[in-house]
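A.B. asks: Chain by chain, the residues:
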Amino acid sequence: MVAPCLSKIIISSESASSSIARKVTKAWPDVDTIIVDDPASYDRKFDMDDDPVLSGKRTLVVAPNKGRFIRKCPGTMGLVCCNYYVIDLAEGCSIDCSYCILQGYLNDRRIRLATNIDDLEKEIDETLADTGRPIRLGTGELSDSLMFDNELGLANILIDMIRKRPQATLELKTKTDNIEKILDIDPAPNVVIGWSLNTPEVIARDERGSASLDKRLSAAKKVVDAGWKVAFHFDPLVIHPGWQDGYRKVVDGLFAVAGPDKIAWISMGALRFHPSLKPIIKSRFERSDLLKSQFSLCPDNKMRYVKPLRKELLAHLKSLILSRAPTVALYFCMEGIEIWSDVLGGSPASLGMLDEVFG
Amino acid sequence: MIPSGSKNIKLVELKLEDIREDDRYSFSYPADPPALLKSVKKTGVISPVWVTPSPDEGLFNLVSGFRRFTAARKLRIETITALLFENRDQFEMFLLCVEENAASRAFNQVELCFIVSSATENFGKSFNELVDVLFPILGLSKSRKIYNRLVDLARFGPASHDLIARLKMQLGSVTNLADLGADDREAICLWLTENNFGLSKSVKLIETISEICGIEKISVNAVIGGAEADTPSDIDPPQRGIKLFDNIMNRRNPALKQMQDRFDSNVRDLKLPAGVTVIPPKNFEGKNLDFVIKAGDAKRAVDSAKAISGADKVKLAKLFDWI
Ligand code: SF4
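The listed protein sequences correspond, in order, to chains A and B. Going left to right, the first sequence walks through residues 1 to 359 as my numbering numbers them. Going left to right, the second sequence walks through residues 1 to 323 as my numbering numbers them.
These are calculated hints, taken from the structure and not from any lab test. Incorrect hints may appear among the rest.
With a straight-line cut-off of 30 Å between C-alpha atoms, the simulated DSSO-like cross-links for lysine-lysine are [said to hold, decoys possible]: (1) B:Lys-257 / A:Lys-282; (2) B:Lys-125 / A:Lys-302; (3) A:Lys-292 / B:Lys-204; (4) A:Lys-72 / B:Lys-287; (5) A:Lys-311 / B:Lys-315; (6) A:Lys-278 / B:Lys-315; (7) B:Lys-142 / A:Lys-249; (8) B:Lys-201 / A:Lys-282; (9) A:Lys-292 / B:Lys-243; (10) A:Lys-282 / B:Lys-204; (11) B:Lys-168 / A:Lys-282; (12) A:Lys-278 / B:Lys-201; (13) B:Lys-282 / A:Lys-311; (14) B:Lys-125 / A:Lys-45; (15) A:Lys-45 / B:Lys-168; (16) A:Lys-282 / B:Lys-282; (17) A:Lys-311 / B:Lys-257; (18) B:Lys-315 / B:Lys-257; (19) B:Lys-217 / A:Lys-292; (20) B:Lys-287 / A:Lys-278; (21) B:Lys-217 / A:Lys-302; (22) B:Lys-217 / A:Lys-249; (23) A:Lys-311 / B:Lys-287; (24) B:Lys-168 / A:Lys-278; (25) A:Lys-311 / B:Lys-204; (26) B:Lys-243 / A:Lys-282; (27) A:Lys-292 / B:Lys-287; (28) B:Lys-145 / A:Lys-45; (29) A:Lys-311 / B:Lys-217; (30) A:Lys-262 / B:Lys-201; (31) B:Lys-217 / A:Lys-282; (32) A:Lys-26 / B:Lys-74; (33) A:Lys-318 / B:Lys-287; (34) B:Lys-201 / A:Lys-292; (35) A:Lys-282 / B:Lys-315; (36) B:Lys-257 / A:Lys-278; (37) A:Lys-278 / B:Lys-217; (38) B:Lys-142 / A:Lys-278; (39) A:Lys-45 / B:Lys-204.
I would like the entire structure built from these sequences, with the hints used as guidance.
C.D. replies: Put into structure tokens, the structure is as follows:
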């Protein structure tokens, strides 16, 4: 299990009696906890600390979300969009990935957990009514879906909301093995538990505080055995010494725990990052191989591996996966149409097997 | 400027030989700019330097006005007007000197690092003690990262300090230099100075060379030496600078260079008329090529367009074959 290492909890007075606030205080009785009127007025940046990013990850703010919970995944102009809605139940993450965009968020580095989860249920209904068609939802965009799940069991609340709404599909995406609470409930046919996978080298160097590959896979096996559908995300794919063989072993491991019929989808995305993240990665992740390859700045202002390397990386993974599961729904995350065409042989619209994913 | 309402301050005329430079208070960089020497020669030292009494009877410690003092000494001026500050806490005096300087000019990064490191090393002040009293005077955000960077920067050698101050490099750009060993750092800064690369190229080269060193596990001198050996020495310095720069960028990103070379060769194969250039998308990210026709009249423009549309289709298709 991946245990978050909190050093401070700040609870807003208006949500002090909420069920989530109560779960939090029960889960971490020894962590310094304060109840305040305005959590925003407390140190949010930690600039006085040696590693402000890490200090932020150690601080949990529990307060109602005053904005919306659901937003459409923005995608990026020119890239193929996977038609996804993001639920921001939590923002910020206890895991510490070198490539994580959250490191560049300077205004509030803390983990913020929303307490007004009932409002989310209303928003799901509104979104379903607005779109008038099935939607895919996920929570792991600015966070890890299961980072606190063994302690708080919030996933089960979400799962029960979605279970009642068959037009919605929920994916809980994680790099942890925090599935204890999920195993306590019946599987929901429209909920998918997704794991981001990487080689043990990348996990050790670039995904601090996450579960090892073996732990992620063994957690996946447990949920598959319990009857859940799973998804896997090779994202970010990282070029590092021995990556070809490394990813082959990860794919082998994946299919050893989940047969193709249990897999809702698999996605792949080559490493990409905003250029401003480069000095942060250099200073915070000295052992990382992440920046040692060849990159170019793309029109969406993200650094990506130069095209031939990117294509080689994605094509390698594609062939590893499709040779084991030719009909599995496989898609790319944040890639342009020419990479889709070159590597997968078409756009999502032309690849029938992806209908379930792209809707 | 005499601090208003201050007690225990006297205006005195002192012999230069009775004044000792107290290096703890010296942070001006460069230490003796030639322009100041000229001005002192012309008009003498107009504003008084600042001194405190020395523990050695009859002597004084210089705490502000180091550059004026150096100029006066070089010009063999015998006496100088000074403000004598008595019974002052030393760190309070240091802050006063910094404030006095900050009021009249902006500090460069090297001066900032000298100030912060002097406060730490000579006056024993920690980050937490400095952040509220010194950082606001310096106009710095209250950040430990900035403090750490400045302390690092103070340890750099003279070539590095010279380059950083001359090019007015931002603190963020200095991080890549901090990651290098002392010899490598000095070597790269000397080379950048000798070749007169401007700010943006220097920053890019520092970043790229340090990355090559990390990836290939070689020294800065090996990277620079390789670029120098590959670049003819008999070309004009600005052109040579561009070639050196390109050489290092290509070493860092050979796949991009290969794509560019193949593309250029495919364009040459097409034998398009002069005045037609084909431009790929930046970094070959994207699908569209620009065919640019430069023509002085309509006829030549039409001829060029015809040449493009009549070009060998197989060769034309190869232009789009980037991967
Ligand atoms: S798990 Fe996701 S949100 Fe958390 S640090 Fe890693 S990349 Fe960021």
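A.B. asks: Against this structure, judge whether each hint is valid.
C.D. replies: Tested hints:
1. B:Lys-257 / A:Lys-282: Satisfied, since the Cα-Cα distance of roughly 25 Å is no more than 30 Å.
2. B:Lys-125 / A:Lys-302: 41 Å, violated
3. A:Lys-292 / B:Lys-204: Holds - the C-alpha atoms of Lys-204 of chain B and Lys-292 of chain A are around 16 Å apart, at most 30 Å.
4. A:Lys-72 / B:Lys-287: Holds, at about 27 Å.
5. A:Lys-311 / B:Lys-315: With Cα atoms ~23 Å apart, Lys-311 of chain A and Lys-315 of chain B stay inside 30 Å; holds.
6. A:Lys-278 / B:Lys-315: 39 Å, violated
7. B:Lys-142 / A:Lys-249: This hinted pair is violated, its Cα atoms lying about 47 Å apart.
8. B:Lys-201 / A:Lys-282: 20 Å, holds
9. A:Lys-292 / B:Lys-243: 23 Å, holds
10. A:Lys-282 / B:Lys-204: 15 Å, holds
11. B:Lys-168 / A:Lys-282: With Cα atoms ~23 Å apart, Lys-168 of chain B and Lys-282 of chain A stay inside 30 Å; holds.
12. A:Lys-278 / B:Lys-201: Distance ~18 Å between Lys-278 of chain A and Lys-201 of chain B Cα, so the pair holds.
13. B:Lys-282 / A:Lys-311: 17 Å, holds
14. B:Lys-125 / A:Lys-45: 24 Å, holds
15. A:Lys-45 / B:Lys-168: 28 Å, holds
16. A:Lys-282 / B:Lys-282: Holds. Lys-282 of chain A to Lys-282 of chain B sits at ~26 Å (cutoff 30 Å).
17. A:Lys-311 / B:Lys-257: Judged against 30 Å, a Cα distance of about 17 Å means the pair holds.
18. B:Lys-315 / B:Lys-257: Within the cut-off at roughly 20 Å; holds.
19. B:Lys-217 / A:Lys-292: It holds: about 11 Å lies between the C-alpha atoms, which stays within 30 Å.
20. B:Lys-287 / A:Lys-278: OK: Lys-287 of chain B and Lys-278 of chain A at ~27 Å, within 30 Å.
21. B:Lys-217 / A:Lys-302: Holds: Lys-217 of chain B and Lys-302 of chain A sit about 27 Å apart, inside 30 Å.
22. B:Lys-217 / A:Lys-249: With a Cα-Cα distance of about 28 Å, the restraint between Lys-217 of chain B and Lys-249 of chain A holds, given a limit of 30 Å.
23. A:Lys-311 / B:Lys-287: 15 Å, holds
24. B:Lys-168 / A:Lys-278: 22 Å, holds
25. A:Lys-311 / B:Lys-204: 27 Å, holds
26. B:Lys-243 / A:Lys-282: 28 Å, holds
27. A:Lys-292 / B:Lys-287: Holds: Lys-292 of chain A and Lys-287 of chain B sit about 27 Å apart, inside 30 Å.
28. B:Lys-145 / A:Lys-45: Roughly 12 Å separates the two Cα atoms, so the pair holds.
29. A:Lys-311 / B:Lys-217: This hinted pair holds, its Cα atoms lying about 27 Å apart.
30. A:Lys-262 / B:Lys-201: 53 Å, violated
31. B:Lys-217 / A:Lys-282: OK: Lys-217 of chain B and Lys-282 of chain A at ~16 Å, within 30 Å.
32. A:Lys-26 / B:Lys-74: Violated, because 74 Å separates the two Cα atoms, which is more than 30 Å.
33. A:Lys-318 / B:Lys-287: 22 Å, holds
34. B:Lys-201 / A:Lys-292: Satisfied, since the Cα-Cα distance of roughly 20 Å is no more than 30 Å.
35. A:Lys-282 / B:Lys-315: Roughly 43 Å between the alpha carbons, so the hint for Lys-282 of chain A and Lys-315 of chain B is violated.
36. B:Lys-257 / A:Lys-278: 22 Å, holds
37. A:Lys-278 / B:Lys-217: 20 Å, holds
38. B:Lys-142 / A:Lys-278: Holds, at about 22 Å.
39. A:Lys-45 / B:Lys-204: 29 Å, holds
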